[in-house]
Amino acid sequence: MERTTLDLWVGMFVVAGIAALVFLAMKVGNLGTYNVSNTYEVHAYFSNVGGLKPKASIRDAGVLVGRVTAINLDTQRYEANVVMSIDKRYQFPKDTFANILTSGLLGEQYIGLMPGGDTEMLKNGDQIKQTQSAMVLEDLISKFMFSKAAEPAAK
Amino acid sequence: MTVINTIRGIGHRIINAVWRIGVAARFFFLTLLYSGNSFRRFHLIIKELFSSGVMSLIIIIVAGLFVGMVLGLQGYETLKRYGSESALGVMVALGLVRELGPVMAALLFASRAGSAMTAEIGLMKATEQISAMEMMAVNPIARIVAPRFWAGVISMPLLAALFSAVGIFGGYLVGVVQIGVDEGSFWSQMQAAVDFREDILNGVIKSLVFGTVVTLIALFEGFDAPPTAEGVSGATTRTVVTSSLAILMLDFVLTAIMFRGA
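Chains as they are written, first to last, in numbering that gives the first Met the number 0: chain A, 0 to 154; chain E, 0 to 261.
Honestly, the hints are just simulated from the structure, not real lab data. Careful: at least some of the hints might be erroneous.
Said to hold, decoys possible - Covered by chain A, according to a simulated footprint, are these stretches of chain E (three or more residues, beta-carbon under 8 Å): (1) 49-56; (2) 160-168; (3) 184-197.
Using N, Cα and C, we set each Cβ at its ideal position, and we do this for glycine too.
Whenever a hint applies, use it, and build me the whole structure from the sequences.
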C-alpha cells in the first residue's frame, strides 16, 4: 500500500477515536452540561446527612444549581459539615433554608434550597444557618411507635 | 524419587517464571530506552498503527454494537421489574465506559493484533531476519519492537473509546428505537450519572494500561519464541492466554483502586 493512503487511514482512525472520546465526554458525560469553574462555595451543618454523598445535586424549585463537594464530620460540634459549590448565576439570600430531601421514595438524596427573604446574598465561604437533616426511616418509625404507646388504650 | 522429582519440577517452573518476568522487565526498559528513535521515524509507528489499529476497527465496532444491544435488552428486562426503565441509559453507559469498553476492546485487541504481532516477530526470528539486522548494526528493538509498542499504546484508548461510543449507540438502538424507552430520560439520566473525570478518564487510563500490557506481552512472547514452527505457534497461544488473564486481573485491581467507596 502507498504511504499516502496509509496515512489517510491512520488519520481517519485517530479522528474517529478522538470523536468517540468527545462524544463520550459531551453527550454521555457531564462535561457539556455542568461548568465547574463558575461556582461559589457555601457550607452548612447537618445533624444527620443520611445517605447524602459527595457530588449529590443541589436543587432549588427542582432546578439543578450546584453539587455537594465534600462531607466531613466536625469533631467540635459532632455534626456533619457539608460543603456545596453553587453556580455563580444563582444567588441566594442569607437566610436560605437547606433541607436534605429524597427524590422519589427510594431515590438518591439531594439538598433542596428554600430561599428566604433577606436582602443580603450568600457569598463565597458563607454558612447556611438553617438546615434540616435527612429523614431516617428508623427514627420516623420509632417516633410513631412511641406516640402510639403513649396514647391511652382504646375503650 | 517421584516426590523429589515433582518438587524439583515445581521449583523449576517457578524459577523459570520469575526468570521470564525479569527478562520481560528488562525488555520493557530497553523498549522505552530506544523509543526515542522510533518517534523520530514516525512513519514506522504510522505503519504499525495501520496494521494494529485500523485493521481492528471492524471487529471493535461490530462487537461494540452487539455488546451494547445486549446490554440494552438485558438491562431493560431487569430494570422493568423495578419500574425504572429510564435508568437504562445510565446502566448501559456506566457499564461500557467503566468496564466493558476497556476490557472487551483489550481482549479483542489481544487476540486480533497481539497474536499477529507475536507471530510476525517470531517468524522474523525463525527466518533469522532479526540476526541479520543485528549484523547490519540495526538495533532490532528500536526498529521492530518500539514502533509496534507505541502503536499499541496509542491505538488502545482510541479503540476502547470507539467501543464504548458504538456500544452506547447500540443500547440506544435497542432501548429507545426498538423497545421505546423515553429518549429524553435515556440521555439526560446518563449525563447526570456519568462523570467525566471519575468515569470516562478512568476508563481511558484503564485502556492505556491494558494497551501497554497487551502489546508488551505480545512483543516479548514473539521476541522470546523458540525459532521453530512449533515455538512460534506456542508463543502466539501464550500471548492470547497470558494477555487475556492479565487484562482481567488488572481490571479487577484497577477497579478496586479507582471506584472503591466513591
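Status of each hint after checking the structure:
| no. | hint | in the structure |
| --- | --- | --- |
| 1 | 49-56 | holds (count 4) |
| 2 | 160-168 | holds (count 6) |
| 3 | 184-197 | holds (count 7) |
In summary, this structure violates none of the numbered hints.
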